[in-house]
Amino acid sequence: MLESYFTGLVVCGGIIVAIGAQNAYVLGLAVRREHHWWSAGLCMSADVLLLVTGMFGVSAVLLSMPSAMEALRWLGVVFLAWLAALAFHRAAVGRQGLSVGGAGASTPGRVLLATLAVTLLNPQVYLDTLLLIPSIGAQQQSTVTFAAGTITASILWFSLLAWGGSALSPWLSRPLAWRAIDGGIGVMMAVIAVHLALGAPMAA
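For the sequence shown, the numbering used here assigns the number 89 to the initial residue and increments by one for each residue that follows.
Since the hints were made in silico from the structure, they are not lab data. These figures come from a predicted structure and were not determined experimentally. For each residue, glycine too, the CB sits at the ideal point set by N, CA and C. It is possible that part of the hints are untrue.
Computed Cβ-Cβ distance ranges for the label pairs, DEER-style [as the list claims (entries may be wrong)]:
id: 1; residue 1: P263; residue 2: A205; range: 23 to 31 angstroms
id: 2; residue 1: G129; residue 2: A159; range: 32 to 40 angstroms
id: 3; residue 1: V279; residue 2: G129; range: 42 to 50 angstroms
id: 4; residue 1: Q229; residue 2: G252; range: 29 to 37 angstroms
id: 5; residue 1: V279; residue 2: R198; range: 37 to 45 angstroms
id: 6; residue 1: V279; residue 2: G252; range: 19 to 27 angstroms
id: 7; residue 1: R121; residue 2: A180; range: 32 to 40 angstroms
id: 8; residue 1: E158; residue 2: R198; range: 41 to 49 angstroms
id: 9; residue 1: A268; residue 2: Q212; range: 20 to 28 angstroms
id: 10; residue 1: V232; residue 2: A180; range: 18 to 26 angstroms
id: 11; residue 1: T141; residue 2: L264; range: 16 to 24 angstroms
Can you build the whole structure from these sequences, using the hints too?
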């Protein structure tokens, strides 16, 4: 069961650490100290709701449909391999450091609305939380501990963004830092993809 927990932690962590609009927005707020905990808290809540819905709704259906489970396993392999390839490409060619711009006169309400937009208007979040992650979780020895691991990853990540954004802003402005981050993401995604492709359940 402990392995299921750490699998959920690594799978979800590897996916959400890949910086996108949502994470960049929260990190930008954190660097400017502009209602960043409101934004991070909303991201955590949205993740918990979507992950629980996916794990205990979608995964229950998958368990009763072995053929769908097998198809989703290979979908997961392809998707994770694609994420790994993108991350390795970014690590190879590099990209600019995080641009945080100047602070605006945002209110908590405006920050929350913008956070909802970058969270819920991204189709990727539904593929991750309602399809990809549950398809992996359904193969675990314990789906409950796997789900706990995914939720822990979300809480830790957004807490890190909110708490550490300001302190890390000089480092995050360096393109070399993003090469290291993208390289690590690529390795994690590739390892998980290979594990799924071999057909072995990711549990003891």
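Exercise. Which numbered hints turn out to be false for this structure?
Worked result: 3, 10 and 11
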